[in-house]
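**Student:** Starting from the structure of chain A, add chain B where the hints point.
Protein chains in written order, with the numbering used here: chain A, 7 to 153; chain B, 12 to 169.
Keep in mind that the hints were calculated from the coordinates and are not lab data. Nothing false has been slipped in among the hints.
In silico negatives: residues of chain B with every beta carbon more than 12 Å from chain A:
hint, residue
1, L41
2, G42
3, N84
4, P86
5, S127
6, E129
7, Q132
8, N133
9, I134
10, I135
11, Q136
12, Q137
13, D140
14, R141
15, I144
16, D146
Chain B side only, calculated, beta carbon under 8 Å to chain A, not exhaustive:
hint, residue
17, M20
18, L23
19, P33
20, D53
21, R63
22, I103
23, C106
24, E108
25, R148
26, S152
27, K157
28, I163
In this text, a Cβ means the ideal position worked out from N, Cα and C, and glycines have one as well.
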Amino acid sequence: MDEKDREIIRLLQKGLPLTPEPFKELGDKLWIDETSVISRLARMRQEGVIRHFGAFFDSKRLGRSGALAAMTLPEDKIEKVAAVINAFPGVTHNYVREGTPNIWFTLNAANDDERAKMAAEISAAADGARVDLFPTKRMFKVMVNLD
Amino acid sequence: MDSTDQKLMSELQEELKLERRPFLRIAKNLGLTEEEVLSRIDNLLKQGLIRRLGLAVKPEKLGHTTNVMIAWNVPEEKMEEVGAALAGFSEISHCYERDTPPDWKHRLFTMIHARSEEQLQNIIQQVKDRFDIDDYRLFRSLRELKKASLKIFPEAEK
Numbered sequence: 007m008d009e010k011d012r013e014i015i016r017l018l019q020k021g022l023p024l025t026p027e028p029f030k031e032l033g034d035k036l037w038i039d040e041t042s043v044i045s046r047l048a049r050m051r052q053e054g055v056i057r058h059f060g061a062f063f064d065s066k067r068l069g070r071s072g073a074l075a076a077m078t079l080p081e082d083k084i085e086k087v088a089a090v091i092n093a094f095p096g097v098t099h100n101y102v103r104e105g106t107p108n109i110w111f112t113l114n115a116a117n118d119d120e121r122a123k124m125a126a127e128i129s130a131a132a133d134g135a136r137v138d139l140f141p142t143k144r145m146f147k148v149m150v151n152l153d
Numbered sequence: 012m013d014s015t016d017q018k019l020m021s022e023l024q025e026e027l028k029l030e031r032r033p034f035l036r037i038a039k040n041l042g043l044t045e046e047e048v049l050s051r052i053d054n055l056l057k058q059g060l061i062r063r064l065g066l067a068v069k070p071e072k073l074g075h076t077t078n079v080m081i082a083w084n085v086p087e088e089k090m091e092e093v094g095a096a097l098a099g100f101s102e103i104s105h106c107y108e109r110d111t112p113p114d115w116k117h118r119l120f121t122m123i124h125a126r127s128e129e130q131l132q133n134i135i136q137q138v139k140d141r142f143d144i145d146d147y148r149l150f151r152s153l154r155e156l157k158k159a160s161l162k163i164f165p166e167a168e169k
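If we strip away everything but chain B, and leave its shape as in the complex, we get:
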């Protein structure tokens, strides 16, 4: 990653302009050719520094109205199996094993976006039945205080 890549990532952290040739605009901002911008993005994706270039939606707007975080108490020897299986649920967007404070046993964190309370309970029941895990902590989302995309690169000089 060189300084041009950093400037490019600073451009890409902003909301993409909706126009016919969005990469051409970025290229002009950076004094590069469109082809170079495209090949640099391709490289950054291959290196995994950019996970993806695309969009994310608000789950509520697609009908996923029951949004909760559940932390499961999973025995260490089952963590891999359960983590991988929960990752396979289409309603689960994030599934992480986390380091936790000493008094905290529920280490497998999942974000669940269900279409109804019934669907949520159904997912919980499936996890209980398949993995014999019924110790979990459910944190229902009550209020959004902030939701923004990550901006880690200094803003480009325009």
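Just chain A, with the same shape it has in the complex:
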């Protein structure tokens, strides 16, 4: 990755220009041509630098019900329960973390009932282990503009 790559990322973290030829507009700002912008992005996608390039929704405004969720699992159960957790399309993040609880994931559901059902199914897959929910009360910041 070079400085131009980083500049492309910096600009695109803010947003893609809403014009018919958005990569040309980006290229004009960075003094490189459209083809170069596109090929750099393709390479960064290939290398796994880019996690998602598309829309980021505000699921709360869309009327959905979300929460951060946590549970405590012994190492030998993680794989089996993670398979159940990860199978939900409404789970976008799932991490093993140091400490207790050690499994942290996000739940996103059409409504509160569906969210409760997801949590119950996950708990059942873990032989009744508790699933704690941490819904957002107040949002101070979301989204990464990393350099």
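**Tutor:** Same frame as chain A, now just chain B:
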């Protein structure tokens, strides 16, 4: 938000094609004009239903190798001040006050992407010094089990 907007959002939740006129492709898929696609996206952004149309990177790939979640125990009367201040750190990507189970006092959740352990400790120290808060729980990320973008709209028929 009408049914065309829903179809449009279903297109936009997928990875954008890297080509000269990405909106034209989406327009063709939906039987719309490119201008209409652009103005609908603009509207969805203005309504805040789409937070942004852009990209997200893997922090590790940009050198942010020390990725942790910290939950801070912040007194209610200080929550606004501390939450807003932590939101200002460029290494902190997410900062939320959360409802928590009854036995859980650490309600301000932050995701921190630091370039080193030293930088992480420096951030923690700054929070301690500025706000007199030293009760926190640090959850270091050990292993990623899933990381995907949210797909909430039914897939478009192709």
